[in-house]
Amino acid sequence: MAEFFHTTCSLPTPLAYLVAAIIHCVLIIHVVAVGALIFIWLERKVSGRIQDRLGPTRVGGAFGWLQTLADGIKLIAKEDITPKDADWMLFKAAPYVGFAASYCAYIALPFSDGWVAQHMNTAVFFILAVLGIEVFSPILAGYASGSKWSLFGAMREAAQVVSYEVPLGMCVVVPCMICGTLNLVTIGNQQAGLFTNWLAFNDPFTFVVAVVYFTCATASVNRAPFDLAEAESELVAGFHTEYSGLRWSFFFMAEYGSMFLVSGLAAILFFGGWNGPIPIFQVLGWSESDGVLLYLARLGGCLNFLLKGTIGVVVMMWVRWTLPRLRIDQVMTTCLKYCVPIAAFGFLGALFWQVNELPTSNDLPGIGINRFEARESWVIEADQQRASRAAAVTPSPSDVPIGPIGSVEFDRVEALVMTGGAR
Amino acid sequence: MLLAAFDWHSLFFMFFALLTCGFAVAMLFSDNVVHMAFYLILSLGASAGLFFLAGAEFVGAMQLMIYVGGTLVLLIFGVMLTAQSRFISMKTRSGEWVMALVLGGSLLFLLLTAAFRVEDWRDGNPNAADIGIAESKTTTQIGMGFTGVRVDRLDAPEDSTLVPGMSGYLLPFVIVSVHLLVVLVGAAYMARTKRRATSTGAAA
Amino acid sequence: MATQLDDARIIEFDVRTDEMLVNMGPQHPSTHGVLRLVLRTDGEIVSEVEPHLGYLHRCAEKIGENLTPRQWIPYTDRMDYLAGMNMNLGWSLCVEKLIEHDLSEKAKHLRVIIAEMGRIASHLVGMGAYGLDLGTFSPFLYAFREREKILDLFEEACGARLTYSYLTPGGATADLPNGWLQKCSAFLDQFEPVIQEYHALLTTNAIFVKRTAAIGVMSGEMAVDYGCTGPVLRGSGVDYDLRRDGEERYTEMYDGYAFEVIVQKEGHYPKDHDYPAIPKEAVLGDCWHRFYVRMLEVVQAVDLVRQAIDRYSTASGDWGVPIKLTHKLPKGEVYLETEAPRGQMGFYLVSDGNAIPWRVRARSSCFCNLSVTSELCRGCLIADVPAIVGSLDVVMGEIDR
Amino acid sequence: MIGISPVSVSHYLVVGAVLFVVGAICMATKRNALGVLMGVELVLNGANLNFIAFGSKYLRAESLGLDGQLIALFVIVLAAAEAAVALAIALNFYNNHATIDVDQASELKG
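Residue numbers (this note's numbering), protein chains in the order written: chain A, 1 to 423; chain B, 424 to 627; chain C, 628 to 1028; chain D, 1029 to 1138.
Just chain A, same shape as in the assembly (with noise of 0.2 Å):
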């Protein structure tokens, strides 16, 4: 983007990444704010639709679309209260802390096909690393509210987040193993063509995976059944029960960004994140022009996207309005006996069936790609880079074969094992 307005609108470099930057944050705050607002609506409709209720129907019209607008006019206008116990500095940071995390998150997540704020080699890990941080919010804003009840929600808050990333780090790492890669664009071009390359469908121990993921991740966003930290009925509200107005704002603001946050990464890991069941845009040839056909696929990718992030949002909301609520130790409990032994036995399978090369959804015969066809693109200037080198320089027959960086890699390793190194 950046280019663009240094080509197109003639701007200086720094001031045309500057600007480029500033849309960017815009476009993501737009993401978490208005996602925020969009679907605080949706999860009253949906309760509202499970429970036999209409929901919002008089603010904004007969879908009260303008329901959570006038709450947050509401908010914004409430007393902003300090308990007199309270840690004043934390009590005041401790939202930022949260809405700053699952804010940061978001540069890292691809909307769709190159739509991303940072192209991030390392994207997964730096998306899991930033919501890890998410932590320390409820943390400090039960520790510094002086309230009994706010401690309690921190600490269970900080044990369950803490346990719930073991296995979430193990599900995460099995689509980067697949692929090769951590970065989420790469993976999502490599889930390109029928649905039947979704990693989800790679093999069996894949959607065991996914579904462990989708499990651990509506346990580290706190909803229900594991919204312990802010159990409403025992801990009245948890670490935010003596918040009010705007900052207890954020805190929801934090919780619904990162749910459409953890819902979006299922999507790119696991159900072939910008890529629709059926590739209409690559039929049709568009995603291999350019100007606005291109432009067009990946507008459409992106809604796919946010189709699918918000499948994501509303399955979790469906759980929270049908079941109760776990105890501490049986989250612990199905944490550490259930999803850990899961998702380190769909690790360890998946990983048998790609060093066994055992036949994934990807062979099966259709429009798609071959997963290795679609690499990260420095891999494939490396490759090329390497080639030309290579061209330079006289081939000798007794020369060990150089292949690309990545794929092939191992092919010398193995072949220099192979002859001991005796050359």
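Hints in this document: simulated from the structure, not taken from any laboratory.
Be careful, since some hints might not be right.
Stated by the list, open to error - No more than 30 Å apart at the CA atoms, straight line, and that leaves these computed lysine-lysine pairs for BS3-like:
id : chain 1 : residue 1 : chain 2 : residue 2
1  : A       : 78        : A       : 92
2  : B       : 514       : A       : 92
3  : C       : 898       : C       : 810
4  : C       : 733       : C       : 810
5  : C       : 776       : C       : 733
6  : C       : 724       : C       : 958
7  : C       : 898       : C       : 776
8  : A       : 84        : B       : 514
9  : C       : 837       : C       : 907
10 : C       : 837       : A       : 337
11 : A       : 337       : C       : 907
12 : A       : 148       : A       : 84
13 : A       : 148       : A       : 78
14 : C       : 776       : A       : 45
15 : C       : 837       : A       : 148
16 : A       : 84        : A       : 74
17 : B       : 514       : A       : 148
18 : C       : 837       : C       : 892
Said to hold, decoys possible - From the structure, some residues in chain A lie toward chain B, with a derived Cβ separation under 10 Å:
id : residue
19 : 135
20 : 144
21 : 151
Even glycine gets a Cβ: it sits at the ideal position worked out from N, Cα and C.
For chain A, the structure is supplied; the task is to place chains B, C and D on it using the hints.
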């Protein structure tokens, strides 16, 4: 034009460096142990930004994940477990302050002079902008490095004393893994649950 | 050494923790009104629970000593405000016992219809609120959807939706309106299949079972020792129901009705083949059984109302004209207990011959049922406290009176 | 990009030095055992910053390359292990002495 001379890299470096150092100093001068932990989080998080700027994105993400997300949560846990009001704020005697600041100041002076002593370190890489994207993406290279393939050293002459394929970081990696395992077992042992014993000493 | 070990047997600590006193209530989402529980906790583990009462005390009994029995009826509504009809019934029967007034057949059947409908409405709230205590919101609204229909019926009969003052000494303030019985039958036909929805949402839900089975287990002896009654007692396997075992003046209302007391016998509840099986984890006397007894009592009440409707339409006599009670009451003292939805509701009346009683007392079931909390909650987790208190299904208006 | 003064290894070294010194002072002055632990973390992080700086191709033409980053990784992992052990020690100390003040840990004094 001023903007043309503008350097984002320097600007962000200044920004993150100031945050890192500022929060570190704030941590030093804070008496409340919870505030200290909070400042430490911010300081370490900002230094992850410095890692990203230096092109070490994998290490930066690792810093965020393990250091900030793991170690510090553990630390805050410890703080909360021992958070009795009298231990929250413990003042340091002023004599100790003077002593520590004098010693620390001289150490800092020493390190700063050392930092600018070597000419090679001082000038930066004038060709930084020309570094190809392939060389700057280090994640896969690190991964290969662990398995013994030094992607960044493919052109280097082979050292005949090394076993091929083992010239990377596989051995240290295994050592660190075993170390981590031992440490975790040890930590779990030390922090194990309450034991009740009868007066004869047998575990009940 | 700075430390002194309290207990010589503890040779090692994990982490030295302090006990914490936590106030649950009087303003708390899951204490069912203004109950205050003081929890002594060590981390998440509760070592002691002490209920504090009196936040809803309104001197109802003392007021009863300044009003005629008829005037006191609205005060009984406000005791167990979720089952006002059953409260009216208890007091009316007590007064009728003092003045030795006998009802016609038709009036008795009317009272069975009303009392059992009240039981359904009350258990629906108990069930929905229990879901809330365990963190699921939807069953509450499902329960209220059906309860609204019962309240509509009550409103049609007496004009009020919560504080009815409908059953009075002598019968009821008015006869059932025309067409009411048909509406009631239609409601029962619609309601009966819906019960399966509640079972699907709660009773058989794996998380629900995990949260309630083997939690707060109370043996039958303990329940008897504490004076527990109602579903709390029957959930512990004690076969006792005042509709069958009570005083003649009360049980004659149910003469000729076919019903079985809901209590587990040989691992089975009566007529439980239509309903979910008892999960393996559940122990007799735990929260799950108390909840299940309530659910089965709803079915039982539906059955009773059906029978009562049939018999009411064919019965002879009037619907029970209220007695004015402006004349002086006979001298004497009476005590009468009825089976209210939450258990035994006893009213005690001493008359010195005036029109206004000399003493009025109420014996509330919830008070005794609540008294077991401190024993049941010892050593449980914080999350179990709402689960246990909710399974006792207390109404504070009845406890504080 | 044209820079006035490109960021160099020396600049990173300065930040690393500040972190190191602050961490050292923290270790020396804090009486809370966990405060001391936090000082250690800062020191390690300061050292890490140096490794990264020396390994960065952006800062130096002849850099350490991957070695710098790999060593930094090991340091991070070891720091996590160290924190786990140190925390366990601190908690045990707290249990046995009912205090977290390191000045009172004088049992081993000769």
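Evaluated hints:
no.: 1; hint: 78/A / 92/A; verdict: 16 Å, holds
no.: 2; hint: 514/B / 92/A; verdict: 24 Å, holds
no.: 3; hint: 898/C / 810/C; verdict: 26 Å, holds
no.: 4; hint: 733/C / 810/C; verdict: 19 Å, holds
no.: 5; hint: 776/C / 733/C; verdict: 24 Å, holds
no.: 6; hint: 724/C / 958/C; verdict: 12 Å, holds
no.: 7; hint: 898/C / 776/C; verdict: 26 Å, holds
no.: 8; hint: 84/A / 514/B; verdict: 23 Å, holds
no.: 9; hint: 837/C / 907/C; verdict: 11 Å, holds
no.: 10; hint: 837/C / 337/A; verdict: 15 Å, holds
no.: 11; hint: 337/A / 907/C; verdict: 20 Å, holds
no.: 12; hint: 148/A / 84/A; verdict: 14 Å, holds
no.: 13; hint: 148/A / 78/A; verdict: 24 Å, holds
no.: 14; hint: 776/C / 45/A; verdict: 24 Å, holds
no.: 15; hint: 837/C / 148/A; verdict: 26 Å, holds
no.: 16; hint: 84/A / 74/A; verdict: 24 Å, holds
no.: 17; hint: 514/B / 148/A; verdict: 26 Å, holds
no.: 18; hint: 837/C / 892/C; verdict: 23 Å, holds
no.: 19; hint: 135; verdict: 6 Å, holds
no.: 20; hint: 144; verdict: 8 Å, holds
no.: 21; hint: 151; verdict: 8 Å, holds
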